[in-house]
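Same order as they appear, the protein sequences are chains A, B, C and D.
Heads up: the first sequence begins at 1 in our numbering, then just goes up one per residue.
Heads up: the second sequence begins at 155 in our numbering, then just goes up one per residue.
Heads up: the third sequence begins at 309 in our numbering, then just goes up one per residue.
Heads up: the fourth sequence begins at 727 in our numbering, then just goes up one per residue.
Simulated from the structure, these hints should not be mistaken for lab results.
Beta carbons: idealized from backbone N, C-alpha and C, even for Gly.
Mixed in with the good hints, there may be bad ones.
Listed next, the stretches of chain C that the computed footprint assigns to chain D, with coverage defined by at least 3 CB atoms under 8 angstroms from CB atoms of chain D [as the list claims (entries may be wrong)]: (1) 388 to 397; (2) 494 to 501; (3) 548 to 560; (4) 595 to 607; (5) 697 to 706.
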Amino acid sequence: MFDDLRDLYQEVILDHGRKPRNFRRLEDADRSARGDNPMCGDRMELWLKLGPEGEIADAAFLGRGCAISMASASLMTETVKGKTQAQAKEMGEKFRILAMTGTCPECNGAIAEDMERLAPLSGVHEFPSRVKCATLAWHTLKAALEGTKEATSE
Amino acid sequence: MFDDLRDLYQEVILDHGRKPRNFRRLEDADRSARGDNPMCGDRMELWLKLGPEGEIADAAFLGRGCAISMASASLMTETVKGKTQAQAKEMGEKFRILAMTGTCPECNGAIAEDMERLAPLSGVHEFPSRVKCATLAWHTLKAALEGTKEATSE
Amino acid sequence: MNVTLKPAPASLDVARIRRDFPILSQTVRGRPLVFLDSGASAQKPRAVIEAMVRCMETAYANVHRGAYHLSEVATESYEAARAAAARFLNAADPREIVFTRNSTEAINLVAHSWGRGVMKPGQAVLVSEMEHHANLVPWQMLRDDGRGIELRVCRVNDEGELDLEDLAVKLADGKVGLVAVTHMSNVLGTVTPVERIVALAHAHGAKVLLDGSQAAVHRRVDVQAIGCDFYCFTGHKLYGPTGIGVLWARLEHLERMPPFLGGGDMIASVTLERSEWAPPPAKFEAGTPPIVEAVGLHAAIDYVTAVGMPAIEAHERALVDHAMRRLSEVEGLTLLGRAQDRGGVFSFTLDNAHPHDLSTLLDRAGIAVRAGRHCAEPLHTRFGLEGGTCRASFGLYTTCEEIDVLAEALVKAREFFA
Amino acid sequence: MNVTLKPAPASLDVARIRRDFPILSQTVRGRPLVFLDSGASAQKPRAVIEAMVRCMETAYANVHRGAYHLSEVATESYEAARAAAARFLNAADPREIVFTRNSTEAINLVAHSWGRGVMKPGQAVLVSEMEHHANLVPWQMLRDDGRGIELRVCRVNDEGELDLEDLAVKLADGKVGLVAVTHMSNVLGTVTPVERIVALAHAHGAKVLLDGSQAAVHRRVDVQAIGCDFYCFTGHKLYGPTGIGVLWARLEHLERMPPFLGGGDMIASVTLERSEWAPPPAKFEAGTPPIVEAVGLHAAIDYVTAVGMPAIEAHERALVDHAMRRLSEVEGLTLLGRAQDRGGVFSFTLDNAHPHDLSTLLDRAGIAVRAGRHCAEPLHTRFGLEGGTCRASFGLYTTCEEIDVLAEALVKAREFFA
Ligand SMILES: Cc1ncc(COP(=O)(O)O)c(C=O)c1O
Ligand SMILES: Cc1ncc(COP(=O)(O)O)c(C=O)c1O
Chain A
1 MFDDLRDLYQ EVILDHGRKP RNFRRLEDAD RSARGDNPMC GDRMELWLKL GPEGEIADAA
61 FLGRGCAISM ASASLMTETV KGKTQAQAKE MGEKFRILAM TGTCPECNGA IAEDMERLAP
121 LSGVHEFPSR VKCATLAWHT LKAALEGTKE ATSE
Chain B
155 MFDDLRDLYQ EVILDHGRKP RNFRRLEDAD RSARGDNPMC GDRMELWLKL GPEGEIADAA
215 FLGRGCAISM ASASLMTETV KGKTQAQAKE MGEKFRILAM TGTCPECNGA IAEDMERLAP
275 LSGVHEFPSR VKCATLAWHT LKAALEGTKE ATSE
Chain C
309 MNVTLKPAPA SLDVARIRRD FPILSQTVRG RPLVFLDSGA SAQKPRAVIE AMVRCMETAY
369 ANVHRGAYHL SEVATESYEA ARAAAARFLN AADPREIVFT RNSTEAINLV AHSWGRGVMK
429 PGQAVLVSEM EHHANLVPWQ MLRDDGRGIE LRVCRVNDEG ELDLEDLAVK LADGKVGLVA
489 VTHMSNVLGT VTPVERIVAL AHAHGAKVLL DGSQAAVHRR VDVQAIGCDF YCFTGHKLYG
549 PTGIGVLWAR LEHLERMPPF LGGGDMIASV TLERSEWAPP PAKFEAGTPP IVEAVGLHAA
609 IDYVTAVGMP AIEAHERALV DHAMRRLSEV EGLTLLGRAQ DRGGVFSFTL DNAHPHDLST
669 LLDRAGIAVR AGRHCAEPLH TRFGLEGGTC RASFGLYTTC EEIDVLAEAL VKAREFFA
Chain D
727 MNVTLKPAPA SLDVARIRRD FPILSQTVRG RPLVFLDSGA SAQKPRAVIE AMVRCMETAY
787 ANVHRGAYHL SEVATESYEA ARAAAARFLN AADPREIVFT RNSTEAINLV AHSWGRGVMK
847 PGQAVLVSEM EHHANLVPWQ MLRDDGRGIE LRVCRVNDEG ELDLEDLAVK LADGKVGLVA
907 VTHMSNVLGT VTPVERIVAL AHAHGAKVLL DGSQAAVHRR VDVQAIGCDF YCFTGHKLYG
967 PTGIGVLWAR LEHLERMPPF LGGGDMIASV TLERSEWAPP PAKFEAGTPP IVEAVGLHAA
1027 IDYVTAVGMP AIEAHERALV DHAMRRLSEV EGLTLLGRAQ DRGGVFSFTL DNAHPHDLST
1087 LLDRAGIAVR AGRHCAEPLH TRFGLEGGTC RASFGLYTTC EEIDVLAEAL VKAREFFA
C-alpha cells in the first residue's frame, strides 16, 4: 500500500528516526540553539563543542518530532562532526537545495562524500509540507553558529 | 426617455418637491424632531403645535432632500393638520405600507380621503432604495409625537 | 415558501449528496479522494459555487450605496443572506446578525467591543482548556491590554468533557463578566452542555459567548432556546465560501457595544471633528462587505436546510458509531477524548508513528487527515501530546466506507513503521 | 514565464475586453447596461470567476495546516497570490503583503497595530479633507481612544487638490508620526503627488500610509519608487472578488507592530499563560484566510497585468478627456474637482435635480451611477454639497459611447425636472 513511500522513508531514515544518534545533552557546550517548527510542534535543542581551531568537535541534540526531523537531526550531528564552521554552513546551504529540489548539482568537491550520506533525505522534496521537517536541524545549526539562539522553520 | 418615470414623479410630487408647503420654522412648537437619512444626506426638522384636545393644530418643517422626500414631508404636514395624534400615527403606519407595496388595502374609513392625497407617492414602491426617502417624514413625525427627538430612515 | 410540515428525513442519501460536490469525484495520486478534514474546512456543493457565479455574472454591484438596479439587487441578496443566517440560528431579528470574515474575527470583535467597551476593570473572562486559539488568544490579548481584565480557564476532564464543577467554582465570586466557550471541540468532538453553561453563567451574572464554528455544522442551533448572548460560526466550515463568518448577538448588546472597525457604511454622520455610528448591524460592518460570499453562504444555508439538520445529525451519529468501532479495533491507536455527547471529529495517535509521518502516509492512500495540534495547543499540552495528533473529521458527504478505508490504512501504516 | 520584453500596448481593445465581463452584456429595464459605478466596485472578468470556481471544484482545502495533497495545493495557490500582489506593487518581499478583508480593514489594522502599538502619546496623525471614511474614521477612533494621539487634517484647495503648503505647515512641528492620505480621491478623481508627500513627511520624521483603493486600479503602483511605508488596496475594485484586501508594509514595520486580531495561524506557540507571535505576514492573518478570494485576486492581477497597466492608464486618459468635454457641454452641470492630475471619477450636480432623483432617472436609462456623499462626507461639506453629488466612475471596460449616453441622458433629465 505504501510501497512508493519507501523513497521518502528509506530504511536509514526509519532507523535514525527510531534510534537517533547523538541524542543527548552536551553539558559543556560552546554553542547551542533551539529550533521550533510551530506548525507541527517539532522542537529540538542543539549543542556544539568547538575544537582548538574552531572546528566542530562534537554535536548533540534532544527534542521531539517526526521521523524525518529526528533522522535529519541525527544525520546532521554525525555529518558535521570534525568539520569547520564554514564547511558546516556550506553543507546546510546545499542540504536546503537538496531537500527542496531533490538534487544538488553543486554537491561535489570536498563535501561530496558527506552530502552522499544525507542523500536519503532528498525524497522529501516531493512533499512540500514536509521539507521544513528535514531542514529544521540545519536551521538550528545555523542559529547556533551565528549565536541567534532560536530558529524557526515554517 | 423617462416617460415611465411619470408614475414616480407625478406633477404633484414635482410641484411639492419644488415648492414645499409649510416649509418654515414653528417658533412656539409643542413637539419637534429631527429626521436623518444618513445614506443620502437627507435631513429634516419637524415642528408640531398641538391644539387644546391634543390634536395637531399646526405642522411645519425645514430641511433638504430629494424631490420625493421634500414632497412627502410637504404632503404630510398638510395632511396631518387637524388630525388627532392617534390618527396621524395610524396614517403613518398605512403610508409605510403604501410606500412599500404600492397599495393599502386597509386604507378606508375615516382616513380614506387623506390617504388618497398621499397616493401619488405610492409609485415609490417600485424603487426599493427610494422608499426611505418617502417615509423619512413619517418616521420623523412618529419620533416627534413619541418624544424621541431623532429618527433615521435607512 | 412551502409551509407543509413534513416529517424530517431519517437518513440521507449520501451517494446523491456526494454528486453535489464536484471535488469529491477527484483522485489523489491515483486513488479516490477520501476527504476527512472537513473540520478544518468543508468542501463546497455545486449550489454554493453556482450562486456565487450567478451573483458575479448577473447581479453584482456594491451594496447599500446605489439607487440603481444592480445595486438594489445586490443589496437585496446581501440582506436576504442576513435573514437566512438569522433563521438558521433562530435569531429573533436579522439585525442581530453581523457578517465578519470568519469566526476568528467574530470573536475578536466581541473581545474588542464588548471586552474593551463594556466590561469593567476587575472583571474576568472565563474560557476552557479545550478552546481553539481563536477563542483563547483574543482574550489573552484583552487580559494583557492593561485594562485589568482577568482570564480564567475552566478545566477539561480526562474524558475530554468540560468540568462543570470547576466552571461553577470559577464563577462563584461573581467577577466573571463573560464565559467564552466552544459549543463543540474541534479536537475532541465533545459537544458542550450549552444550556447548563448558560444557566450557570447567567446565575452568576456572566454573559455567554459560544464558539459554534464546529457545532453549527453538525446540529440544529437555536440561540433563543440556548439562551446565550453571543454565538458565532464560520462560512467555510458550513460548506460555504471562505471570507465570511457570522456573529450573532442580542440586539441590546450590539446597541451597547462601541464599533470595532471604522470606515464607510458604519456611520450615521461624519464630520472632521466626530462621527456618529449607524445602528447595528451596520455599525459593525465597516467597508465593503463580503457580498459574493454572503450570497454563497446563503446558498450553503439553504443547502443544509434542504438536506435537513436532523438528517445530517442522524447521519453523523451513524458515522460516529462506525468510527468508534472501527478505530477501536486498530491496534496501537489511542483516541483523544471519549465524551458522551460528541460529533464527528476524531483525534488520535498511533503508537510508533508520529502524526506527521502518519498523515503523509495516509495522503498516499488518498486520505486527507490533518496532523498537528489543530490550533488547540493548550489542550494537547493538557493531554501530554505536545507532538500533536492526527485528526479525521467528517462532513455530511462522509461515508462509512471512507472510515473503513482509513481504518485499514492505519493498520498498514502501523506495519510500515514497525 | 515568457521573458521577452514587448512594447506595452498603446491602446486596448475595449470591445474584446467587454466580452470578458459576462455582466456587461446585460440589459436593465430593457436598455443595455451602462455601468458607471466601477469606483464603488468593479465587475469581474470571466478569468476571475473561473479561477474561483476551479479552486472550489478541484483544489480546495484549508491552508497552512495540512500535510496532504489538497491542502498543499491550496497553500501553494494562496501563497502564489501573495507573491502576485507583491509583484503588482513591486514590493521587495512577499512577506510584506498581508491579506485583509478590504481596504477598510487594512487601514484599521495599521490604526490598531501601528497607531496603538508603536505611536507615542503626543504624536499626531495627519489625514486630508478628501479622505474616504475608511481613512478618516479609524484615526478619529484612535484619537478618541485616550492615548493622547492628535488628529490633523490637511486642506484641499478649490480645484480639489491637496494643499501641499498646508501639509508642510502641519508637519512643521515634527509631531506628526503618520501621514495617512489617499493616492486618488474616490470623489474628485484627484491623484495626489505621492512622491512629494513622502519626501515632505519623511523629512519631518513621519511615516506615510497611502490609501490606494482607487489609484491601484488605474495606475501602475511601485511602492519602492514611491517610498511610502504602508499601502493598501481592495480586491473588489480591481476586478477581483469581495472579501479580500491587501496591506503592504515594510517588513521592518510589520516586525515592530503587535498583532491586531488573535487566533489560529498567527502564533508561534500558545500556552494558557501566554502566546508568542508568528513572524509576519502570518502574525496579521488570524484564522482561516480568504483562500478562494486570494485565488480570485491573483487572477484579477494577472488579468490587468496582461491587459497592461500602461494601456489601462492610456485608455482611461482618453475617457477622462472625453468625459471632460462631454460633461462640460451639459448645461446646468457643475463638476466637483478640477485637478490637473486625475483619474476616471467624475462627481457632479445638475442645477435643478437632486442627486438621488437624478440617479433614479439615469437608472431608467440603464445607466448605473452613484448618488450620495460617497463615504466622503467632510469633503462634500467642504464644498457646501451636504446633499451629495452624482458620481460616474470608469473601469477598463468603459467606452466613450457610454459617456455619450450619460451626457445625453443628463440633458434629458434636466428637461424632466425643469
Ligand atoms: C479611496 C477609498 N478608500 C477606501 C475605500 C474602502 O474600500 P473597501 O470598502 O473595499 O474597504 C474606498 C472604496 O469604497 C475608496 O474609494
Ligand atoms: C472550534 C473552532 N473555533 C474557531 C475556529 C476558527 O475558524 P476560522 O478559522 O474560520 O476563523 C475553528 C476552525 O478553525 C474551530 O474549529
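Verification of the hints:
1. 388 to 397: violated (count 0)
2. 494 to 501: Violated: only 0 residues of the segment 494 to 501 of chain C have a Cβ under 8 angstroms from chain D.
3. 548 to 560: Answer holds; 4 residues pass the 8 angstroms Cβ test.
4. 595 to 607: Check passed, 7 qualifying residues.
5. 697 to 706: violated (count 0)
Checked against the numbered hints given earlier, this structure breaks hints 1, 2 and 5; the rest are met.
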